[in-house]
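2 protein chains.
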Amino acid sequence: MEHYPKFAKAVDARKKEFIERLREAVAIPSVSTEPARRKDVVRMVEWMRKQLEKLGTKCELYVAGKQTLHDGTTLDLPPILFGVLGEDKKKKTLLVYGHLDVQPAAKEDGWNTEPFELVEKDGKLFGRGSTDDKGPVVGWVNAIETLQKNNIEVPVNIKFCFEAMEESGSEGLEETLRARKDTFMKGVDFTCISDNYWLGKTKPCITYGLRGVCYYCMEISAAKQDLHSGCFGGTVYEPMADVVWMMNQLTNLDGHINIKGLNEMVAPVTEEERKLYEATDFDMEEYRKDIGAVKLSKKTKEDLLMGRWRNPTLSLHGIEGAFSGAGAKTVIPAKVIGKFSIRIVPNMHPDKVDKLVIEHLNELWKSRGSPNRFKAYSSHSGNYWLSDFKHPHYQCGARAMKTVYGVEPDYTREGGSIPITLTFEEVTGNNVLLLPVGAGDDMAHSQNEKINVSNYIEGTKVLGAYLLELGKM
Amino acid sequence: MEHYPKFAKAVDARKKEFIERLREAVAIPSVSTEPARRKDVVRMVEWMRKQLEKLGTKCELYVAGKQTLHDGTTLDLPPILFGVLGEDKKKKTLLVYGHLDVQPAAKEDGWNTEPFELVEKDGKLFGRGSTDDKGPVVGWVNAIETLQKNNIEVPVNIKFCFEAMEESGSEGLEETLRARKDTFMKGVDFTCISDNYWLGKTKPCITYGLRGVCYYCMEISAAKQDLHSGCFGGTVYEPMADVVWMMNQLTNLDGHINIKGLNEMVAPVTEEERKLYEATDFDMEEYRKDIGAVKLSKKTKEDLLMGRWRNPTLSLHGIEGAFSGAGAKTVIPAKVIGKFSIRIVPNMHPDKVDKLVIEHLNELWKSRGSPNRFKAYSSHSGNYWLSDFKHPHYQCGARAMKTVYGVEPDYTREGGSIPITLTFEEVTGNNVLLLPVGAGDDMAHSQNEKINVSNYIEGTKVLGAYLLELGKM
Numbered sequence: 031m032e033h034y035p036k037f038a039k040a041v042d043a044r045k046k047e048f049i050e051r052l053r054e055a056v057a058i059p060s061v062s063t064e065p066a067r068r069k070d071v072v073r074m075v076e077w078m079r080k081q082l083e084k085l086g087t088k089c090e091l092y093v094a095g096k097q098t099l100h101d102g103t104t105l106d107l108p109p110i111l112f113g114v115l116g117e118d119k120k121k122k123t124l125l126v127y128g129h130l131d132v133q134p135a136a137k138e139d140g141w142n143t144e145p146f147e148l149v150e151k152d153g154k155l156f157g158r159g160s161t162d163d164k165g166p167v168v169g170w171v172n173a174i175e176t177l178q179k180n181n182i183e184v185p186v187n188i189k190f191c192f193e194a195m196e197e198s199g200s201e202g203l204e205e206t207l208r209a210r211k212d213t214f215m216k217g218v219d220f221t222c223i224s225d226n227y228w229l230g231k232t233k234p235c236i237t238y239g240l241r242g243v244c245y246y247c248m249e250i251s252a253a254k255q256d257l258h259s260g261c262f263g264g265t266v267y268e269p270m271a272d273v274v275w276m277m278n279q280l281t282n283l284d285g286h287i288n289i290k291g292l293n294e295m296v297a298p299v300t301e302e303e304r305k306l307y308e309a310t311d312f313d314m315e316e317y318r319k320d321i322g323a324v325k326l327s328k329k330t331k332e333d334l335l336m337g338r339w340r341n342p343t344l345s346l347h348g349i350e351g352a353f354s355g356a357g358a359k360t361v362i363p364a365k366v367i368g369k370f371s372i373r374i375v376p377n378m379h380p381d382k383v384d385k386l387v388i389e390h391l392n393e394l395w396k397s398r399g400s401p402n403r404f405k406a407y408s409s410h411s412g413n414y415w416l417s418d419f420k421h422p423h424y425q426c427g428a429r430a431m432k433t434v435y436g437v438e439p440d441y442t443r444e445g446g447s448i449p450i451t452l453t454f455e456e457v458t459g460n461n462v463l464l465l466p467v468g469a470g471d472d473m474a475h476s477q478n479e480k481i482n483v484s485n486y487i488e489g490t491k492v493l494g495a496y497l498l499e500l501g502k503m
Numbered sequence: 031m032e033h034y035p036k037f038a039k040a041v042d043a044r045k046k047e048f049i050e051r052l053r054e055a056v057a058i059p060s061v062s063t064e065p066a067r068r069k070d071v072v073r074m075v076e077w078m079r080k081q082l083e084k085l086g087t088k089c090e091l092y093v094a095g096k097q098t099l100h101d102g103t104t105l106d107l108p109p110i111l112f113g114v115l116g117e118d119k120k121k122k123t124l125l126v127y128g129h130l131d132v133q134p135a136a137k138e139d140g141w142n143t144e145p146f147e148l149v150e151k152d153g154k155l156f157g158r159g160s161t162d163d164k165g166p167v168v169g170w171v172n173a174i175e176t177l178q179k180n181n182i183e184v185p186v187n188i189k190f191c192f193e194a195m196e197e198s199g200s201e202g203l204e205e206t207l208r209a210r211k212d213t214f215m216k217g218v219d220f221t222c223i224s225d226n227y228w229l230g231k232t233k234p235c236i237t238y239g240l241r242g243v244c245y246y247c248m249e250i251s252a253a254k255q256d257l258h259s260g261c262f263g264g265t266v267y268e269p270m271a272d273v274v275w276m277m278n279q280l281t282n283l284d285g286h287i288n289i290k291g292l293n294e295m296v297a298p299v300t301e302e303e304r305k306l307y308e309a310t311d312f313d314m315e316e317y318r319k320d321i322g323a324v325k326l327s328k329k330t331k332e333d334l335l336m337g338r339w340r341n342p343t344l345s346l347h348g349i350e351g352a353f354s355g356a357g358a359k360t361v362i363p364a365k366v367i368g369k370f371s372i373r374i375v376p377n378m379h380p381d382k383v384d385k386l387v388i389e390h391l392n393e394l395w396k397s398r399g400s401p402n403r404f405k406a407y408s409s410h411s412g413n414y415w416l417s418d419f420k421h422p423h424y425q426c427g428a429r430a431m432k433t434v435y436g437v438e439p440d441y442t443r444e445g446g447s448i449p450i451t452l453t454f455e456e457v458t459g460n461n462v463l464l465l466p467v468g469a470g471d472d473m474a475h476s477q478n479e480k481i482n483v484s485n486y487i488e489g490t491k492v493l494g495a496y497l498l499e500l501g502k503m
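Chains D and U supply the protein sequences, listed in that same order.
Every position in the first sequence, counted from 1, becomes a number in the working numbering once 30 is added.
Every position in the second sequence, counted from 1, becomes a number in the working numbering once 30 is added.
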């Protein structure tokens with residue numbers, strides 16, 4: 031790593047500039063789930079294209095088709111940004127994936143600052159997308175640009191795939207990648223994704239597993255339209271009573287999932303795996319305090335990590351159609367949709383899980399004995415992913431982290447899903463590495479999302495060091 | 031009723047004019063629950079003041095104070111419109127109450143037409159407020175004006191009290207009425223309120239009872255902010271699981287309320303009362319079809335009417351803080367507020383009900399064994415009301431209806447609440463009559479609210495005939 035010290039120094043010197051670059055990115059409210067923001071999403075893609083082109087990247091914007099909205103209208107999908115930087119046949123080729131869209135955010139949801147203005151406070155950069163995923167994506171630009179400006183050769187060809195529908199189920203991406211299997215995707219030797227987080231706040235990690243997710247809806251209706259509870263209460267079977275009855279059957283207080291056959295699908299814990307949990311640096315009490323919970327649902331570090339990473343969980347998200355505002359509305363909701371999801375792990379195949387769950391819900395409904403109309407269905411699903419943390423590609427990432435942070439990273443899994451990870455692995459036929467930049471308390475998807483200045487700047491160094499390491503493979 | 035035929039003929043002749051007057055009223059979006067609409071609410075009060083002044087009414091607009099909003103800011107309450115028409119000491123004095131504000135409405139909620147444009151279709155006038163309560167309120171203007179224009183003496187003095195916060199809990203009204211006990215409210219011999227509906231669609235009725243309502247919140251929190259179900263699922267006790275567990279304990283499938291001591295408070299059914307239910311014209315199958323229900327929760331007409339009118343019911347309204355939008359959000363809500371209300375009947379005193387319910391919720395929570403934070407509280411409550419349907423004042427109303435419709439009205443109760451009814455009875459010390467104008471399928475508070483042209487026009491005649499009847503008391 032002869033070039034690393036020069037590179038690291040140069041990154042430190044450009045800190046302010048890099049923060050300004052992230053500020054520009056955060057200022058574009060590229061919320062993919064809100065049709066009214068679609069033009070901002072496209073603007074964000076254009077912004078990123080310019081960044082990549084300045085590096086010398088050949089870019090292509092590809093619109094994968096149209097999105098059909100809830101009301102039946104259609105809308106162009108935002109373009110996927112493909113880029114090629116270097117086509118040296120003597121070099122190996124890295125594919126970098128990231129996403130340019132963000133979750134919705136509004137100050138009144140409980141943000142302390144305007145979500146689309148990057149605000150630096152106490153060494154933290156607050157703003158929607160700061161850590162998920164604009165910080166890491168901009169980090170790649172920072173790292174490559176710094177290598178170039180300091181005349182350090184980038185030792186691999188880099189392909190970029192930056193999408194802008196990740197927060198909306200990556201609509202259109204998977205088909206596009208599969209269709210480009212023998213063109214753009216050909217010759218990719220390894221893929222790197224920086225779209226997850228450290229386990230804690232102080233020690234870096236490399237991620238080799240993700241849970242999948244299966245999302246379900248239970249639709250119950252009793253009337254043509256909402257009813258006044260004074261005028262109609264006492265004469266109808268209320269869908270709200272049905273839906274809470276159904277939702278209440280799904281889990282026990284301790285989180286145990288009451289769906290026959292589901293837990294039996296879970297792969298047993300191996301000895302090697304157990305040792306990773308034991309070795310992982312993780313402070314339960316700090317985790318509890320960060321969340322603000324009175325008590326966690328697991329007693330030991332190992333159980334807690336397994337609860338997050340390698341065991342299924344069922345979360346009840348809410349009820350569409352029910353009264354959800356502030357104040358007191360005396361409505362009998364006519365039609366409600368109870369929503370929950372199950373995080374799936376090896377060896378729970380989504381198709382099998384779907385079958386078990388829908389059958390279970392239909393049986394439960396029968397035992398409820400309500401005359402109301404009922405329909406249970408899967409909303410979407412994404413498989414789990416598990417890689418080999420001993421792969422040489424992972425060792426490149428690990429050495430890069432050691433170079434920057436001076437410690438060996440932990441090997442972690444994530445409880446969340448990045449479904450496209452599986453697609454990259456399948457389409458390239460090669461190893462995929464998750465190299466997190468942000469910290470465990472960054473609150474992606476939540477109010478007051480942030481990235482630490484240190485994670486952003488040192489993360490930029492990790493990405494550069496990782497590129498240098500790849501040259502040795 | 032020597033003057034009635036002339037009056038009725040004159041009303042028929044002015045039908046178009048009266049529909050135009052209602053159109054003007056509906057066009058003012060006087061939504062009292064939306065602070066941004068406050069100016070429209072005030073505009074509606076001003077509009078009504080002009081209508082009353084044209085009749086010769088001495089009007090006063092009284093602002094009862096300020097409203098404190100959720101975010102702590104304050105806003106002037108819309109004025110209460112007080113009016114005095116006639117001060118003849120030889121005549122008795124009628125107090126007419128109505129409200130000028132409406133429930134929220136938006137086309138995208140499922141309206142077939144613009145809610146604030148009166149649309150006539152198939153003999154129905156669609157529009158927010160058409161039946162609740164602008165139609166009846168404008169009906170008073172139509173009736174009095176027609177008497178005046180035809181030189182028929184109005185045989186009573188009339189006082190008006192039209193408020194514009196009814197849909198927001200009549201904030202400020204009760205205190206104002208009590209403060210005016212010895213001034214404006216003095217000398218009122220009877221009060222008439224037209225703010226409810228016929229039981230069915232074809233036969234008029236007079237209403238002598240109302241249920242009260244006690245509204246409750248259960249606040250459960252586990253975390254400082256919403257959590258990503260992938261990253262945190264499996265490590266926390268989820269408030270959604272707690273709240274559906276709690277909500278599910280409150281009722282059985284058949285609607286039975288599982289709160290100790292509550293059902294014991296309900297007054298037994300008397301023989302005379304039972305005969306009213308038996309005599310009431312009510313088609314269960316038509317009611318079921320109007321609602322669009324697969325099956326009603328009661329088997330006989332009598333049980334159904336008692337279920338609506340004279341037995342308590344518990345409705346689950348929704349969960350604040352839970353995900354309620356369309357689509358799929360994988361959130362673990364950090365803090366949820368489960369909301370439900372109980373419709374109360376004689377002899378359930380709100381204070382006693384509150385005590386029972388809160389104690390019950392606290393005990394239930396203990397038995398749940400969740401470590402999360404819990405708080406149960408009453409949001410608001412209003413007492414039930416029961417009058418004497420044999421009172422001479424009721425017979426005036428009944429005769430007016432018979433004159434217009436040719437049938438004896440049914441004597442009904444209502445399942446909903448009009449809390450101010452109790453206040454008028456207490457403050458004036460005299461009888462209060464509920465004289466409904468709209469039909470049972472008018473869908474107040476719901477999408478596609480309407481009033482039938484026939485109810486609006488014949489209702490105007492009923493109000494006039496009732497005034498003429500009062501002259502004989």
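Check the hints yourself; a few may be wrong.
Since the list can't tell identical chains apart, any single copy or any two copies may satisfy a pair.
Unchecked claim - Calculated lysine to any residue pairs in the SDA-like style (CA-CA distance at most 25 Å, straight line):
| hint | residue 1 | residue 2 |
| --- | --- | --- |
| 1 | LYS119 | LYS319 |
| 2 | LYS137 | THR104 |
| 3 | LYS396 | LEU283 |
| 4 | LYS36 | LEU292 |
No wet-lab data here; the hints were simulated from the structure.
Hint-by-hint comparison with the structure:
| no. | hint | in the structure |
| --- | --- | --- |
| 1 | LYS119 <-> LYS319 | neither (51 Å within a copy, 73 Å between copies) |
| 2 | LYS137 <-> THR104 | between (29 Å within a copy, 20 Å between copies) |
| 3 | LYS396 <-> LEU283 | both (24 Å within a copy, 13 Å between copies) |
| 4 | LYS36 <-> LEU292 | neither (53 Å within a copy, 77 Å between copies) |
In summary, the numbered hints that this structure violates are 1 and 4.
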